[in-house]
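Participant: With chain Z's structure known, arrange chain F on it following the hints.
Here the protein sequences line up with chains Z and F, keeping their order. For the first sequence, position 133 (counting from the first letter as 1) is numbered 133 according to the numbering used here, and the numbering increases by one without interruption. For the second sequence, position 9 (counting from the first letter as 1) is numbered 1009 according to the numbering used here, and the numbering increases by one without interruption.
What the hints contain is simulated information worked out from the structure, not anything from laboratory work. This structure is a prediction, so every number in the text was calculated from the model and none was measured. Don't take every hint at face value.
Claimed, not checked - Subject to a maximum C-alpha distance of 20 Å in a straight line, what follows is the list of computed EDC-like cross-link-like pairs (lysine to aspartate or glutamate):
#	chain 1	residue 1	chain 2	residue 2
1	F	Lys1096	Z	Glu144
2	F	Lys1096	Z	Glu166
3	F	Lys1096	F	Asp1128
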Amino acid sequence: MSIGRMVVGSALPADAPAPATPRDIPHTGGPENPSAAAVRERFPDAVQRVEVIWGETTVYIDPPRVREVLEWLNGDESQRYDYLSDVTCVEYRDFGRPLQVVWHLRSFPYRRFLRVKVELAKDAELQVESVTDLWEGANWLEREAYDMFGVTFRGHPDPRRILMWETYNEGFPLRKDFPLRGRFSRSEQLRQALTAHPGASYLLEELSPASIYRDLPADMRERYIAQSSED
Amino acid sequence: MEEGNAKVGLTRTAAAPVTVRHPDEGSWITSRLDFLVNWGRANSMWPMPFGTACCAIEFMATAAARFDLARFGMERLAYSARQADVLICAGRVPFKLAPVIRQIWQQMPQPKWCISMGACASSGGMFDNYAVVQGIDTIIPVDVYVPGCPPRPEALMYGIMMLHRKVMNERMSDERLRDEMEPDPTSRLYIPAPIIDELSEPFGNSVHQRRSAP
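Here chain Z stands alone, though its shape is the one from the complex (with noise of 0.2 Å):
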């Protein structure tokens, strides 16, 4: 008996070879992960380039459209593209290189990863849209991705910083010309920070299960009336 047939959800035939680990992997070439040709085929005119690198295979869109293809990879039943496991962004050292968007797409019916890029010039705005409504899980990364780079994503529903406080004004902190210490001195950076009201970083339904209520399981709702009927 094959693993494809005790996968839940698997979408590979009974008679798929079980997944082996792969081995003596060139750094460039080798096999495609096939929906690279599919998006090829797909959007002849928004793919850029495809590269394979370690065996893994990068398909690079014009950005304009690649909420488009990130769409279709997540919805078409050829594709199924469930699983968003990053949402990141590359800067080189070299000033005149685009800053990159990166995309980490699993599928786990078909067992494939497909890496997507969009390259954004630095002059221009930095903006792409967001996948938030295809992955939730999205929300975080793609605040994590401003954050850090001050890409925005169009579209967001909660566009705030994520990792630094709300109140920090020195700028995106992975970018190349940020330096290393901040931009301004240590008792300017900590007057800053003990000036910021951590209390006033979070919004108040954030905090209470109330507004959260018609999103719990069944159960959860049982006790959380129960509870709040005893107080």
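Facilitator: For chain F alone, coordinates are given in the frame of chain Z:
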């Protein structure tokens, strides 16, 4: 306040006149009472663990069965600042936590002490970067620094015993013992933090590192 005092430029919260006596000065009864009170305090300190990193793991090891903080009367970890005697800051403190640890310290009732455990809490350690406080003594007063990265439980226990010695030497005749002081910018002796940064030598593990209280 006389010049050359360690606390120049600081305001006293109490307005009473300052009379500092020699620690040994005092009647036989007061000094015996001091001993009794300090003995009680030193041997039943409730720690408020402020663990943010790997030092907290060593702190947990210290509190657990092999090293056994209960021998010092410290087995009762006070996770409420209101019931704590000694704040043990174990691990690096990012700037985002700076107002939090200061608030915890302000919520602790007197008498209170603070142990800075590990290199990061004491000086920022290897995290000489934009996000980490360069020593918690720029935020709150520290009684004992425990070096190490992270310190072994023996080191922390040595620090605790040093704190015991400090507590045993406290005298109730010292009227300034429990004063909580705040920087007073109106004092002529007060030096603003940026000026201290300008005047002082580089500190810590980097020639660019400056330290100063706010």
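Participant: Look at each hint and say if it fits the structure.
Facilitator: Comparing the hints with the structure gives:
1. A threshold of 20 Å between alpha carbons decides the hint, and for Lys1096 of chain F with Glu144 of chain Z the separation of about 15 Å falls inside it, so the pair holds.
2. Under the criterion of a C-alpha separation no larger than 20 Å, the hint pairing Lys1096 of chain F with Glu166 of chain Z is consistent with the structure, at around 10 Å.
3. Distance check on the hinted pair: Lys1096 of chain F and Asp1128 of chain F sit about 15 Å apart at the alpha-carbon level, within 20 Å; holds.
When the structure is compared with the earlier hints, no violation turns up for any of them.
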